[in-house]
Amino acid sequence: MSILSCENLSKHYGTVAALDGVNLNIEPGRIVGLLGPNGSGKTTLIKLANGLLTPTEGRILIGGMEPGVETKKLVSYLPERTYLANWMNVKQILSYFEDFYADFDRERAAAMLSHLGIPETQRIRQMSKGTREKVQLILVMSRRAKLYLLDEPIGGVDPAARDYILNTIIGNYDPQAAVVISTHLIADVEPLLDEVVFIQNGHILRHTPVDEIREQMGKSVDALFREEFRCF
Amino acid sequence: MRWEFHDDAPIHVQVTERIERLIVSGTIQPGQKLPSVRSFALEAGVNPNTMQRALTELERGGLIYSQRTAGHFVTGDQQIISTVREELAAKIIRQYLRGMTELGCSPEEAESLLHRQLNAEGGSEHVNSEL
Chain D
1 MSILSCENLS KHYGTVAALD GVNLNIEPGR IVGLLGPNGS GKTTLIKLAN GLLTPTEGRI
61 LIGGMEPGVE TKKLVSYLPE RTYLANWMNV KQILSYFEDF YADFDRERAA AMLSHLGIPE
121 TQRIRQMSKG TREKVQLILV MSRRAKLYLL DEPIGGVDPA ARDYILNTII GNYDPQAAVV
181 ISTHLIADVE PLLDEVVFIQ NGHILRHTPV DEIREQMGKS VDALFREEFR CF
Chain R
1 MRWEFHDDAP IHVQVTERIE RLIVSGTIQP GQKLPSVRSF ALEAGVNPNT MQRALTELER
61 GGLIYSQRTA GHFVTGDQQI ISTVREELAA KIIRQYLRGM TELGCSPEEA ESLLHRQLNA
121 EGGSEHVNSE L
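Chains as they are written, first to last, in the working numbering: chain D, 1 to 232; chain R, 1 to 131.
Calculated directly from the structure, the hints in this document are not laboratory data.
Predicted model, so just to flag it, every value in this text is computed and none were measured.
It is possible that part of the hints are untrue.
Claimed, not checked - Partial list, derived from the structure: chain D residues whose beta carbon lies under 7 Å from chain R:
(1) Asn167
(2) Pro191
(3) Asp211
Ideal Cβ positions, reconstructed from N, Cα and C, are used throughout, including at glycine.
In isolation and in its complexed conformation, chain D is listed as follows:
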């Protein structure tokens, strides 16, 4: 069964259709790139999956259920922006996550943080942007969830931090879980992906295995993206 499925899903903001009649299924064990230009509907789709927005039409199901308390147990979500309070230190954040999520593996998170050399007494406000992004990703990937929704996990960090984040995603790969990564840094994430979803103006343009793009079209996902989303 699909862990995420959208049936004729639409979301309108006033007269603007952010998503329009989207049909999409994501299966467990897959790492999926949700790729599209700014304003294409990536974040709207992820917010709908988290129940932060409600559909105008159609529906979105997580493990067969509409987003709600039960689905939040299955979904580990990395939002675009930090939601951690500035005054919290690492230790407090670990307790906070442990409190919220039964599937949070505190030891695993603590081990990754100490490996990075981040002391448990350090506060969010004392961290650089790159460190904050890494901490947030470690927290999200330390849950044993069924669906990871990562909204721009590598935007705005340096290449070394980017490699660290991508390795953290690979290192936590679980064949029972699906990972959806929204980004426009395609070349960086391509080696990680099983499948790509191209989205534009609220429509799914394609949902294709990465191997198929390279085998049948003889080009990388990055090259195909540049072609299909060319700005004239």
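Given chain D, work out where chain R should sit, using these hints.
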């Protein structure tokens, strides 16, 4: 160090070839155990499904074999290793010849230029003994 990938072939194909090179060059020895799928995937910076697919392809070719619980091992069969080595060499030679053709060189010219380069580097004997 993440592996570099070019745009022209599927990533699993490039991973397969990269591991073949590690084996035929002796970086990974005959009979040696390979890293687990997950840690090999991490080293390469690729999806574990991609690494699994590459290992399955190598297994099909006989270059590696798997033991149910112990993981993957490089074959001890030198015959298979030399065959793969020759296939990889043939591929590099074809690339060389294609590049020379694009420069407008005839095969004879390509060959004589290759010899001249080998002599200039004083490495012809060494290269001959390798072959």
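Hint by hint, here is what the structure shows:
The beta carbon of Asn167 (chain D) comes within 6 Å of a beta carbon in chain R, closer than 7 Å, and the hint placing it at the interface holds. The beta carbon of Pro191 (chain D) comes within 5 Å of a beta carbon in chain R, closer than 7 Å, and the hint placing it at the interface holds. Of the supplied interface hints, the one on Asp211 (chain D) holds, with its beta-carbon coming within about 5 Å of a beta-carbon of chain R, less than 7 Å.
Consistency note: the structure conflicts with none of the earlier hints.
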